[in-house]
Amino acid sequence: MQHFKYDVLSTYSTKTNLLLDNSQRLVSSRYPVRVSNYYANLIKSNKDPIWKQCMPDSQELDDFDQLADPLNESFLSPVNGLIHRYPNRVVLLVSNQCPVYCRFCMRKRLVGTTESQMTEEDFRKAISYIAANPTIRDVILSGGDPLMLSDEALDRILSGIRSIEHVSIIRIGSRVPVTLPERITPELCNLLKQFHPLYINTHFNHPAEITSASGAACSMLADAGIQLGNQSVLLKNVNDDVDIMRQLMSNLLDIRVKPYYLHQMDLVRGTSHFRTSVETGLEIIKALRGHVSGLAVPHYVIDLPGGKGKVAILPDVMERDGDMLLLKTYTGETVKYQDITAVQ
1 MQHFKYDVLS TYSTKTNLLL DNSQRLVSSR YPVRVSNYYA NLIKSNKDPI
51 WKQCMPDSQE LDDFDQLADP LNESFLSPVN GLIHRYPNRV VLLVSNQCPV
101 YCRFCMRKRL VGTTESQMTE EDFRKAISYI AANPTIRDVI LSGGDPLMLS
151 DEALDRILSG IRSIEHVSII RIGSRVPVTL PERITPELCN LLKQFHPLYI
201 NTHFNHPAEI TSASGAACSM LADAGIQLGN QSVLLKNVND DVDIMRQLMS
251 NLLDIRVKPY YLHQMDLVRG TSHFRTSVET GLEIIKALRG HVSGLAVPHY
301 VIDLPGGKGK VAILPDVMER DGDMLLLKTY TGETVKYQDI TAVQ
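As numbered in this note's numbering, residues 1 to 344 make up the sequence shown, in order.
FYI, nobody ran anything at the bench for these hints, they're computed from the structure. Among the hints, a few may not be true.
[Claimed, not checked] 30 Å max Cα-Cα, derived DSS-like pairs, lysine-lysine:
id : residue 1 : residue 2
1  : K286      : K47
2  : K125      : K193
3  : K5        : K193
4  : K336      : K308
5  : K328      : K44
6  : K258      : K236
7  : K286      : K258
8  : K286      : K328
9  : K193      : K308
10 : K308      : K125
11 : K258      : K308
12 : K44       : K258
13 : K258      : K310
14 : K236      : K125
15 : K286      : K336
16 : K328      : K258
17 : K193      : K258
18 : K286      : K310
19 : K308      : K286
20 : K236      : K47
21 : K236      : K310
Please build the complete structure, drawing on both the sequences and the hints.
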């Protein structure tokens, strides 16, 4: 697959003075480091939320208890580069590259490695697999980042998927609007809108990532008729804060992006220092309700180990007194709600 070419810093940038120390270089020898110049220029200090997401930390090498593939994706791959977890949808790992190699990546074991790149032969086998399984209606392009592929490669992939009659929906998971907004061009948007219904879920984690450039990139995609969702990851000392999350979710709506998921950290080796308690996530969701638009409240989910799938976690515990439900409002008030009797 041919990749989009762009300028990145891989170990340092004199422009931003992002020099790796010896411990960071040791981390980079195991887990690749890449930061786009655009994203690096958002960094204000070595304590800010942008730095923490993209710069290597020695704590990555201290994590021995978690698994490299806790979601069991390799077991769920009947064809190289294809993950079939749910009956009606599959994930295609069409790229192993990203503009920024996030330190909390769920596919830390694969991203940036040469051996994990999908080949043309792999793609042909994946298309044959999808075509032979008529229950598959939804194909999700992931990676790495699919928008790191060239327009020509994307055209071939999307055309191949659209040639399968029973596939209805195509989704793309991409952090490019956040980390490399200049990749979103009129030419790319004109290409993508040929393959509707097509959806893009992007990945903003902090309000500092919402800039005029990333906002313009999202507007271009939205103008092309692409519905945009956002999947944030709850990250310790990055966004595990009510005020930060209220600002993030509200500001996403301003740039025409619908908050979709707030992910509890996956149990991926090398990422344990980013984990928060589930209670932290529940408190954030509770604090969003009633204080931001309902459109700005994402689903809080845990992707269960072993490939068991996502489970939504709700902050309210429902209590029942006969046919009466006792429900808590966002202010903490308990309100009675009359239920109906289930038909026996």
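Hint check:
no.: 1; hint: K286 to K47; result: holds, 28 Å
no.: 2; hint: K125 to K193; result: holds, 26 Å
no.: 3; hint: K5 to K193; result: holds, 22 Å
no.: 4; hint: K336 to K308; result: violated, 35 Å
no.: 5; hint: K328 to K44; result: violated, 41 Å
no.: 6; hint: K258 to K236; result: holds, 23 Å
no.: 7; hint: K286 to K258; result: holds, 18 Å
no.: 8; hint: K286 to K328; result: holds, 10 Å
no.: 9; hint: K193 to K308; result: violated, 33 Å
no.: 10; hint: K308 to K125; result: holds, 25 Å
no.: 11; hint: K258 to K308; result: holds, 26 Å
no.: 12; hint: K44 to K258; result: holds, 27 Å
no.: 13; hint: K258 to K310; result: holds, 19 Å
no.: 14; hint: K236 to K125; result: violated, 40 Å
no.: 15; hint: K286 to K336; result: holds, 19 Å
no.: 16; hint: K328 to K258; result: holds, 25 Å
no.: 17; hint: K193 to K258; result: holds, 19 Å
no.: 18; hint: K286 to K310; result: holds, 20 Å
no.: 19; hint: K308 to K286; result: holds, 26 Å
no.: 20; hint: K236 to K47; result: holds, 13 Å
no.: 21; hint: K236 to K310; result: holds, 21 Å
Hints 4, 5, 9 and 14 from the earlier list are contradicted by this structure; the remaining hints agree with it.
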